[in-house]
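Q: For reference, the chains in residue letters:
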Amino acid sequence: MLRTVILMRELVRMYIRTKVEYPGAMVLGWVSQFVSYGAVYTAIALIIARFGMLGGWTWSDMAMLLSVHLLTYSVGASFSFTQFREMEDLVRQGTMDAILVKPIGTWLYMVFSGFNIGYAGHVVLAVGLMAWAITQVDVAWSLPTVLFLVATLVSGAMVVCALMTMIGATALVWVRSRHLYSIFFGFWELARYPITIFPLPIQVLLLAVVPMGFISTVPVAVLLGKPVPLLGDFAGLACLLAGPVMAGLAMLHWRWCLRNYQGAGG
Amino acid sequence: MSAIIEVSGVAKTFRQPKRLPGMGGALRSLFSRQFTEVRAVQDVSFTIAPGEAVGYLGPNGAGKSTMIKMMTGILVPSAGTLSVLGREPHAHRMTNAAEIGVVFGQRSQLWWDLPVRDSFDLHRHIYEVPEARFAENLAFLTSMLGMADYLDRPVRQLSLGQRMRAEIAMALLHDPKILFLDEPTIGLDVVAKDAVRKFLARINRERGTTIILTTHDLQDIEEICPRLIMVDDGKLLFDGELPRLRSALGSRRRLRLEFGTDPGPINLTTARLVTDDGAAKHFLLDSEDTSILDVLTELGNGYDLKDVTLEEPAIEEVIRTFYQSKPQLAATTP
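Chains as they are written, first to last, in the working numbering: chain A, 1 to 266; chain B, 267 to 600.
FYI, nobody ran anything at the bench for these hints, they're computed from the structure. Positions of the beta carbon are idealized from the N, C-alpha and C atoms, including for glycine. Mixed in with the good hints, there may be bad ones.
To be verified - Computed footprint of chain B on chain A, listed as stretches where at least three residues anywhere in the stretch have a Cβ under 8 Å from a Cβ of chain B:
#1 2-13
#2 93-107
#3 204-211
Said to hold, decoys possible - Below, in silico cross-link-like pairs of lysine-lysine (DSBU-like), each with a Cα-Cα straight-line distance of 30 Å or less:
#4 B:K443 / B:K459
#5 A:K102 / A:K226
#6 A:K102 / B:K284
#7 B:K572 / A:K102
As the list claims (entries may be wrong) - Listing some non-contacts, in silico: residues in chain B with all C-beta distances to chain A over 12 Å:
#8 T279
#9 I334
#10 R390
#11 A405
#12 L417
#13 S425
#14 L426
#15 L503
#16 R519
#17 R538
If we strip away everything but chain B, and leave its shape as in the complex, we get (with noise of 0.2 Å):
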């Protein structure tokens, strides 16, 4: 399938100027004022299937928003070549603003004093959405973000949990064929991050729309994102599925076998012993092709084994691992 998003080498720097320390240093920058060039982006390349849910990830300081900005068509390219839906975002900013939805975690876009449904109305218009679509659509939406009860408050009034949902279903009234999120969970409880997450996934699934989304929030990438980017230092440092990453970074999972009785030392060549409590013993299996079965035939029928619990590495360590390991790693992934 071709690309939805093609981005080749493409690099933003920004020219900030130089604060130099100090009273005489801020007088000193009023009459010689020097620049500094901040690369916020470094020669990123990828593409993006349509369809596709990309978790951007990285650091505060990565370059996630600035990627986002310029897929947007806010902000432009200092380099390469970036095209969504077969244009140069910038140059055709409205055309491109027309075919995408954004979310802005931290920026509403809603009116603040005025109730949800009059920005919905807006949108209507912006949009061009004719009157029957959208009417479905305000339907589904709000059926499935549960937002009845609160469509004609003023958005004032709302929590951030009803807000964020509102903001979601406004980005998707026009039926965006790119959904881009800029942290949708940032400070949403449990129960709202949960909501949202799902019907994130619902959406892409059911209605195949594109989700990009950057996120510090690692349980959002594997809920949602079968496909993870991570940046760190505005360079790309993995491209790929999160399996992939596991398998990329050596297998973490752990094997916890529950014995009747302690069987005394067991020592396997599929799995590594790394605590041993008796009758309850943890193993380290290093390798991504070992499974349970490889793992309880070379155990055998000897040993009253009562459980078996095997445990995934949680998204978190895998991505600490990562980010510790990453000058070796840059160099072996895309």
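So that you can see chain A by itself, here it is in the shape it has in the complex (with noise of 0.2 Å):
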């Protein structure tokens, strides 16, 4: 376990440190996020104070569910979307084949060598937003809720690095997976706005298919006391299990591509 802690430790500082060889770019892209999103933000802030609600949603909740959404994903990401979409280069460059002969776990040199910093201007502008809306929000904040709101926002995390994980396996057999990051950003535009507005093939997708309601829309629903459809009130326990057995999932599917791992050639 030590020698786990440690390892992890020397792989982010040497990720660290080849980020900090282009310092430029680095801040560039932090604050490039940071504008990207609140750009975003803003849109949907002028659609709500033009309109009052959205689907019964008001500014506040909404922005508790955005900041939730984006610490989650960017929580989740940090620690695997740079690395898995990456992942059908190394396996056609054959680089898939030098991490493989380490006496390493695969899946952790491969997190935590690319444990991405550059998720740091999300998480600023998350954090900014969440504080807020929690001022905001018609909650009465206890221990339970607090802990709850916490242990969603690492479920969530673990959905995103679930999924994540899935799609950049799918490579090492496929070769090519890049693609089915689209269907992953697409459901994570949805995981935006309240299930509720959605007709119900769409609710369908986000709490079954591609479960990127447990990320936000769905966490926050229990959090300010709104229905959940299909879940009712097994949404909260729903909410704090989606992470654990998508990691599970994430992991046997891992194995299974591991094992049936062709390289590209050679």
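Using the hints, build the complex out of the two chains.
A: This is the structure in structure tokens:
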């Protein structure tokens, strides 16, 4: 265990050092993310200001939803997105072989050798927005609600990381899997809005097929005491279980793909 | 000595989607995908003892890299049994990895943007090399491979030769029992190739590290590996020492005799005249058992002999002959 912690620290240190080699690009990346998300949120705020509510959600409810959405995504993606997006290149160029001959868990190496501090801009924006939204929403904050919020943030980040892992792992067998991220980000966009505004088929997709509903819209609906279609009273528990269940599925999928890895030739 | 690597009846089959020709074929394959089975390695068996240096040779697509990948635990064999240091490599991938070193000629394991030393430090943590041993190995490898000047330079600024030396050094920092090298000299200039070959031969000789290398460059085999395993179409064609291969193909040694004056036609039973340039005559020694002494004894003292040159057949020629005659030889070699 201690060795794993030391290795994680060393891998993250190496990655940060590579990023610091290009400090201008790093800072510019943070600023551009901050600005682009700020623009999207401003647009949503203007729509709500014009129409009053969105599916029964006020601007402060929406601010809570957007902040949870961004925070779970940025934490989950910092452990997975750039790492697994590069997976098909690693497979095609044979670099994956060089990782597989190291006496270290392949997933652990992938995740921590690419731990992306570039999401700092996302995190700053999400935490700032959440700090404001917490004071505005109609929630009687108590220890259980705070613990529920923290647990669902962790669970949501696990859902993101698990889905990214599964898409990346698919490249081990199919060689190309990057196109699956388009599907991921399609549902990720939908998870920015209250689930009740969507027709039933999309609700089913968001809860059961690509369970992005659990990274934001479902846990925030539970916190705010709003109805959750299909799940009802089970929604809170489902939010807490979604992360571990998806992580388990991702682990099985990852192992199966590693066992069936063929390389890309040679 | 008991084998460090045992390969018995190993096969590897890849399942690849069948590509149908033309646009229509491409569209059809979207709906009814057909697969073909590519047999990259077929029923290959050999054993390798500790301390051996073995060259794994074959043309492109012969299954060399696939075999290396199976021995290093990257790929799972489709059939047969494979044991490296007493373990099944894929089932014990991490334990196996801790005791082997792997160098890929065309893929870097170094961190591109960071100094070489940083990659080495990370390697120390991953392989849990004690600090004192790490320092000792680093000093030895730095001096042997002449890396002192660029140890603190980012990898992206190194030449290919410098990078390859760093790759090899890194693969040896944890004292692996076996060093696998996949095309280690590919793309290197003559000087860099020579440095790498000399170093690998010395590591094998002095540290007893078992070396298995795949290569297209026959000079690598000649200078590093006394033993040669040749494969083609996934099948093992030859396993033995280079002189045995020469012998199996019939000796092609060339003998050049230079006389003070043209002695006229010379017919010998021990050597066959192939070129007659008057004072210089070229013979082929057809039998491995024939020595220069045999030829000179038969020639006798009645000639004004000035110089004698014996040329071993070039390894390229031996291999070319081998592949040209492989259907006949395949049945006779182990």
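Q: If a hint holds in the structure, say so; if it does not, say that too.
A: Checked hints:
1. 2-13: holds (count 5)
2. 93-107: holds (count 11)
3. 204-211: Since three or more residues must qualify, the claim that chain B covers the segment 204-211 of chain A is violated, with 0 doing so at under 8 Å.
4. B:K443 / B:K459: Judged against 30 Å, a Cα distance of about 23 Å means the pair holds.
5. A:K102 / A:K226: 49 Å, violated
6. A:K102 / B:K284: Given pair K102 of chain A, K284 of chain B is violated - Cα atoms ~33 Å apart, limit 30 Å.
7. B:K572 / A:K102: This hinted pair is violated, its Cα atoms lying about 60 Å apart.
8. T279: With a cut-off of 12 Å, T279 of chain B comes too close to chain A, as the shortest Cβ separation is near 10 Å.
9. I334: 9 Å, violated
10. R390: At about 9 Å from chain A, R390 of chain B fails to clear the 12 Å cut-off, so the statement is violated.
11. A405: 22 Å, holds
12. L417: Nearest chain A Cβ is 16 Å from L417 of chain B, so the label holds.
13. S425: 20 Å, holds
14. L426: Correct as stated: the minimum Cβ-Cβ distance to chain A is 16 Å, above 12 Å.
15. L503: 20 Å, holds
16. R519: Label holds. Min Cβ-Cβ 36 Å, cutoff 12 Å.
17. R538: Per Cβ check, R538 of chain B is outside 12 Å of chain A; nearest 43 Å; holds.
In this structure, the earlier hints numbered 3, 5, 6, 7, 8, 9, 10 are contradicted, and the remaining ones agree with it.
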